[in-house]
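A.B. asks: Chain by chain, the residues run as shown.
Number of protein chains: 2
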Amino acid sequence: MRHDPIPCADRVGRLRSGFPETDALLILSEKNIRYLTGFTGGDGALMAGPDWLALLVDGRYVTQARAEVPGMEVFEFRKRADGIMAVARRNGVGSIGFESSVLSVEEYLRLKEALPEVALLPLPDAFQLFRAVKDDGEIDRIREAARIAGEALAAVRGMIRPGVRENEIALELEYRMRRGEAEQVSFETIVAAGANSALPHATPGRRAIADGDCVLIDYGAVCGGYHSDETCTFVVGRASERKREVYRLVLEAHDRAIRAIRAGVSCGEIDRIARSFLDAAGLGSSFSHGAGHGVGLDVHEAPRLAAGREEILRAGMVVTVEPGVYLPGLWGVRIEDTVLVTEEGCEILTPSSKDLTII
Amino acid sequence: MRHDPIPCADRVGRLRSGFPETDALLILSEKNIRYLTGFTGGDGALMAGPDWLALLVDGRYVTQARAEVPGMEVFEFRKRADGIMAVARRNGVGSIGFESSVLSVEEYLRLKEALPEVALLPLPDAFQLFRAVKDDGEIDRIREAARIAGEALAAVRGMIRPGVRENEIALELEYRMRRGEAEQVSFETIVAAGANSALPHATPGRRAIADGDCVLIDYGAVCGGYHSDETCTFVVGRASERKREVYRLVLEAHDRAIRAIRAGVSCGEIDRIARSFLDAAGLGSSFSHGAGHGVGLDVHEAPRLAAGREEILRAGMVVTVEPGVYLPGLWGVRIEDTVLVTEEGCEILTPSSKDLTII
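Going line by line, the protein sequences match chains A and B. Under numbering that gives the first Met the number 0, the first residue of the first sequence carries the number 0, and numbering increases by one thereafter. Under numbering that gives the first Met the number 0, the first residue of the second sequence carries the number 0, and numbering increases by one thereafter.
Mixed in with the good hints there might be a few duds.
Where chains are identical, the list cannot tell them apart; a pair therefore holds if satisfied intra-copy or between any two copies.
[Said to hold, decoys possible] Straight-line alpha carbon distances no greater than 20 Å define the calculated SDA-like cross-link-like pairs of lysine to any residue that follow:
(1) K78 with A305
(2) K78 with D22
(3) K78 with A306
(4) K30 with S352
In short, the hints are calculated from the structure, not lab data. Note that the structure is predicted; figures quoted are calculated from it, not measured.
Take the sequences, apply the hints, and build the full model.
C.D. replies: Here is the structure:
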């Protein structure tokens with residue numbers, strides 16, 4: 000599948016227009032650099048002045064950078080801070096706004112010492128929501144990633160039975176996603192059975208599924224750099240009344256949150272809807288993370304759907320909705336979809352059924 | 000295979016003894032926290048006072064932290080900076096030494112504002128070499144990772160032939176490593192054919208191998224958290240005289256560097272030996288990265304074997320040796336082993352033959 004080309008010039012222009020008084024912007028996060036230029040390598044920097052751009056990379060990435068970003072100046076450095084200094088001096092820069100959530104204190108102190116005449120301006124939140132609204136090309140990629148992932152899960156569903164180990168299922172699921180043309184998996188797949196399902200970020204281990212277990216599978220695929228993110232929780236064999244009840248409550252929290260999503264609603268409000276429902280059911284303290292997060296070039300990106308977050312959902316944002324209830328030492332249930340925010344509501348991009356499935 | 004338990008108390012004692020005048024140390028890197036405590040989760044912090052320790056984690060990791068680090072206080076936070084402040088205040092801390100290569104400027108500024116009475120001391124290099132000398136349990140894990148990886152490569156060797164795509168080989172190789180009980184792969188496997196082999200960090204794509212191609216495979220497995228790292232470059236079909244010649248020169252640079260490794264030699268000297276040999280052959284400018292790096296809980300860690308590095312190799316360090324020559328637009332050759340430094344020399348841990356292999 001071919002995707003639309005990346006509208007780099009538009010994106011850089013939009014970025015620059017947010018900081019008319021800063022001589023240069025210093026972009027350091029790999030994903031922001033990729034978003035703005037198409038460069039897929041690592042350890043680089045992008046500097047953007049009012050009428051100049053420079054992509055700074057180390058020797059390993061020079062050839063790749065020239066191929067991926069034709070027409071942009073590629074500056075080779077040995078130490079990144081030295082490269083930043085050289086480009087800043089050459090362009091007579093008096094102030095640099097930088098991603099303060101990415102730059103380390105070590106590199107910051109080095110830059111400050113070497114560029115005493117330059118004002119270094121931390122921009123903690125400047126880039127937070129910059130990538131949050133997706134264009135059609137980005138949505139296509141996420142949709143395709145979700146489809147590839149969902150087909151892979153359907154293909155390994157038959158493995159979810161007593162005696163099979165968590166890591167065997169995780170391995171086959173990842174293998175299927177990549178055979179299905181995912182370029183990568185979104186993150187290390189979580190397959191958590193029994194008491195492990197009560198760990199929101201369990202690593203698949205050698206635990207074998209037992210009759211009656213909850214099996215929580217949190218997984219995703221990457222397509223054209225864009226991630227999907229979905230969680231299904233299955234019950235194997237006998238499902239106790241308590242498990243059915245908790246599943247029903249988590250699903251209701253999930254459904255209520257999804258029904259509330261549309262452009263104009265705050266992120267905190269979505270979290271509040273899921274959380275207050277579980278609170279009322281006496282399960283609020285077992286829901287130990289936010290209700291969701293943005294998904295794109297990063298599997299976790301802005302906005303966060305968490306208590307008190309005032310960011311407003313806009314059409315084109317892609318976010319997860321993922322309430323969960325975790326009973327330490329016993330079991331847990333999480334139900335997660337990735338959805339596209341629209342003016343009127345949302346479209347669910349992750350294809351797997353979220354009805355209680357007893358295998 | 001069972002491994003020795005992690006000697007956490009020894010390691011924390013060794014760390015603390017390096018900073019007798021700092022009230023508390025703040026450890027933020029996941030791998031350093033794992034090394035010191037055994038906790039395998041993310042986004043946490045470890046604070047170490049003269050006679051107290053606290054592991055700070057967010058809600059997702061509380062259960063896991065308590066299980067993995069029995070006996071240590073687990074402090075739950077919503078925002079990490081708030082957790083650090085609370086623990087610092089409670090322990091009457093006047094100074095905190097922190098990992099300045101890990102802490103972001105954003106979090107640093109937040110801590111500085113909230114703890115005006117506390118001296119925040121950047122420790123840029125304090126932890127660099129802290130994990131460099133491996134104990135027997137660590138060496139066992141790396142050895143096992145290298146064995147699992149090597150067996151997987153041997154199993155997929157038959158796929159390396161004209162018409163097969165880079166990403167098909169990468170996928171099968173990773174699948175074999177994980178079926179061979181690797182808990183993860185060390186990094187996204189590089190399989191780079193033809194002109195892609197001239198990109199030191201190529202991502203496997205849909206390029207099919209052609210007759211005469213160099214096929215560069217850089218890969219590794221993870222076992223008990225510890226990585227292996229190895230690169231083999233094969234030639235498929237007709238090997239031109241120039242390819243044979245360059246291969247021979249890179250292998251000689253690799254062999255000379257390995258013969259020079261032993262406790263007491265500086266890291267820069269190893270790089271110099273490989274580089275000066277390729278320089279004399281007219282290929283120095285095509286060797287665009289350092290000669291090697293430490294391997295352990297991170298696939299790239301201290302020490303770096305690069306020009307001018309004065310760190311001294313010590314018995315028990317595990318490092319790669321990986322000279323390469325890259326001819327942009329044409330092809331490249333890299334040959335890499337992971338070796339254990341000993342008093343008298345080194346032991347090669349990666350099992351694959353490095354002789355020129357024409358398939």
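A.B. asks: It remains to establish, for every hint, whether it holds in the given structure.
C.D. replies: Tested hints:
Taking identical chains as interchangeable, the C-alpha atoms of K78 and A305 lie at most 20 Å apart only when they sit on different chains, with a minimum of 12 Å there against 38 Å within one chain. Proximity of K78 and D22 under a CA criterion of 20 Å is satisfied in neither setting, with 22 Å inside one chain copy and 32 Å between copies. In this assembly of identical chains, K78 and A306 lie within 20 Å of each other by CA distance solely across copies; the values are 13 Å between and 41 Å within a copy. Proximity of K30 to S352 under the C-alpha cut-off of 20 Å is found in neither arrangement, the shortest distances being 31 Å within a copy and 37 Å between copies.
The structure shown violates the earlier hints numbered 2 and 4.
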